[in-house]
Amino acid sequence: MEFLRLSIRTTPARLGIESPRGQFDMKSPRGEYEMSSPPADMQIRQPRGDLQIDASASYLAYAMGGVFETSDLMADQAEQRIFENIGKIAQEGERMKQISNKGNAVAEIASQAFSGKENWKPYGPAGLYNVKIAYTAHPAEIETTPRKPNIEYHVAKPEINYTPGKVKTYIEQMNSIRMWVSSYDLYA
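Residue numbers for the sequence shown follow the UniProt record's numbering, beginning at 1 and rising by one.
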């Protein structure tokens, strides 16, 4: 038995696409950087030092000392004179004891007693170190107030350019449908 057979053959379409890469251009200019550093505040104070001058020994050397210093000086001299006079009296006693000496010992001692001058010194010893100087220095007081620097940064925006590539499409193979009828033998 013979039948008719319908045959269908299709061919798919094939599309071709060419897509070249686009051009990407980017420029990034530098940003602006500004920095200023103001000077710090500095305050320096120098307190005066303490100067102490003791010229009392110098005044005493010029016979211009105070009442107490002068009276102490005179008392020391009086004590020294007392010891000197005691020694002198002892010497005179020794001389009077020597009878073998010719001459009048009493008259000689009496003549020396009236000729001697009492020499009182109402002044102290003079010297290089009569004036005493003492200086106490005070350290400098320094106060510093720092200031923060001023920093400014201005960002420059980047320049971006993109040129897309042109997409090219085309058909490589057309789609088609082919149909035909042929005879078909079932028992063959």
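These are calculated hints, taken from the structure and not from any lab test. C-beta: ideal position from N, C-alpha, C; glycine also. Heads up, a few of these hints could be off.
What the hints assert, rightly or not - For each label pair, taking beta carbons as the anchor points, the in silico distance ranges come out as:
{"id": "1", "residue 1": "R9", "residue 2": "D185", "range": "17 to 23 Å"}
{"id": "2", "residue 1": "I17", "residue 2": "Y187", "range": "49 to 55 Å"}
{"id": "3", "residue 1": "G127", "residue 2": "S71", "range": "20 to 26 Å"}
{"id": "4", "residue 1": "M64", "residue 2": "T136", "range": "25 to 31 Å"}
{"id": "5", "residue 1": "P139", "residue 2": "A55", "range": "34 to 40 Å"}
{"id": "6", "residue 1": "S7", "residue 2": "E172", "range": "50 to 56 Å"}
{"id": "7", "residue 1": "Q98", "residue 2": "Q77", "range": "30 to 36 Å"}
{"id": "8", "residue 1": "M74", "residue 2": "G127", "range": "33 to 39 Å"}
{"id": "9", "residue 1": "E172", "residue 2": "E32", "range": "54 to 60 Å"}
To be verified - Quick list of in silico lysine to aspartate or glutamate cross-link-like pairs, EDC-like style, CA-CA up to 20 Å:
{"id": "10", "residue 1": "K121", "residue 2": "E92"}
{"id": "11", "residue 1": "K157", "residue 2": "E32"}
{"id": "12", "residue 1": "K121", "residue 2": "E159"}
{"id": "13", "residue 1": "K132", "residue 2": "D54"}
{"id": "14", "residue 1": "K27", "residue 2": "E143"}
{"id": "15", "residue 1": "K102", "residue 2": "E92"}
{"id": "16", "residue 1": "K121", "residue 2": "D72"}
{"id": "17", "residue 1": "K157", "residue 2": "D50"}
{"id": "18", "residue 1": "K88", "residue 2": "E108"}
{"id": "19", "residue 1": "K168", "residue 2": "E18"}
{"id": "20", "residue 1": "K88", "residue 2": "D76"}
{"id": "21", "residue 1": "K157", "residue 2": "D25"}
{"id": "22", "residue 1": "K121", "residue 2": "D76"}
{"id": "23", "residue 1": "K132", "residue 2": "E84"}
{"id": "24", "residue 1": "K97", "residue 2": "E108"}
{"id": "25", "residue 1": "K166", "residue 2": "E18"}
{"id": "26", "residue 1": "K132", "residue 2": "D50"}
{"id": "27", "residue 1": "K148", "residue 2": "D54"}
{"id": "28", "residue 1": "K148", "residue 2": "D72"}
{"id": "29", "residue 1": "K121", "residue 2": "D41"}
{"id": "30", "residue 1": "K166", "residue 2": "E79"}
Evaluation of the provided hints:
Roughly 21 Å separates the CB atoms of R9 and D185, a value that falls within the hinted 17 to 23 Å. Restraint check, I17 to Y187: a C-beta distance of roughly 51 Å satisfies the suggested window 49 to 55 Å. Between G127 and S71 the beta carbon distance is about 21 Å. The supplied range of 20 to 26 Å therefore holds. Our hint of 25 to 31 Å for M64 and T136 holds, since their Cβ atoms are close to 28 Å apart.
Taking 34 to 40 Å as the suggested C-beta distance range, the pair P139 and A55 does not conform, at roughly 28 Å. The beta-carbon spacing between S7 and E172, approximately 25 Å, falls outside the hinted interval of 50 to 56 Å. A beta carbon spacing of about 32 Å between Q98 and Q77 agrees with the range 30 to 36 Å that was offered as a hint. Take M74 and G127: their Cβ atoms lie about 20 Å apart, and the range 33 to 39 Å is violated.
Checked against the hint of 54 to 60 Å, the pair E172 and E32 passes, with Cβ atoms roughly 55 Å apart. At most 20 Å may separate the alpha-carbon atoms for a hinted pair to count; K121 and E92 exceed this at roughly 26 Å. With a C-alpha separation of about 11 Å, the suggested pairing of K157 with E32 holds against the 20 Å cut-off. Restraint check for K121 and E159: not satisfied, since their Cα atoms lie roughly 106 Å apart, outside the 20 Å limit.
For the hint linking K132 to D54, the alpha-carbon distance of about 5 Å falls within 20 Å, and the restraint holds. Between K27 and E143 the CA atoms are separated by roughly 50 Å; this puts the pair beyond 20 Å, and the hint is violated. The suggested pairing of K102 with E92 holds, with an alpha-carbon distance near 15 Å, which does not exceed 20 Å. Distance restraint check for K121 and D72: the Cα-Cα separation of roughly 12 Å lies within the 20 Å cut-off, and the hinted pair is therefore satisfied.
Distance check on the hinted pair: K157 and D50 sit about 66 Å apart at the alpha-carbon level, beyond 20 Å; violated. Between K88 and E108 the CA atoms are separated by roughly 14 Å; this keeps the pair inside 20 Å, and the hint holds. Distance hint between K168 and E18 is fulfilled; the C-alpha atoms sit about 5 Å from each other, no more than 20 Å. About 18 Å separates the Cα atoms of K88 and D76, which keeps this hinted pair within 20 Å; it holds.
The straight-line distance between the Cα atoms of K157 and D25 is roughly 14 Å, inside the 20 Å bound, and the hint therefore holds. Restraint check for K121 and D76: satisfied, since their Cα atoms lie roughly 11 Å apart, inside the 20 Å limit. For a cut-off of 20 Å, the pair hint linking K132 to E84 is broken: about 33 Å separates their Cα positions. Taking the CA atoms of K97 and E108, the gap is near 14 Å; set against the 20 Å cutoff, the hint holds.
For the hint pairing K166 with E18, the CA-to-CA distance comes to about 8 Å; that is within 20 Å, so the pair holds. A hinted pair counts as satisfied when its Cα atoms are at most 20 Å apart, and K132 with D50 qualifies at roughly 14 Å. Restraint check for K148 and D54: the C-alpha separation of about 52 Å exceeds 20 Å, so the hint is violated. Taking the CA atoms of K148 and D72, the gap is near 69 Å; set against the 20 Å cutoff, the hint is violated.
Only pairs whose Cα atoms come within 20 Å are accepted, and K121 paired with D41 is rejected, the gap being roughly 63 Å. For the hint linking K166 to E79, the alpha-carbon distance of about 132 Å lies beyond 20 Å, and the restraint is violated.
Hint violations for this structure: numbers 5, 6, 8, 10, 12, 14, 17, 23, 27, 28, 29 and 30, all remaining hints satisfied.
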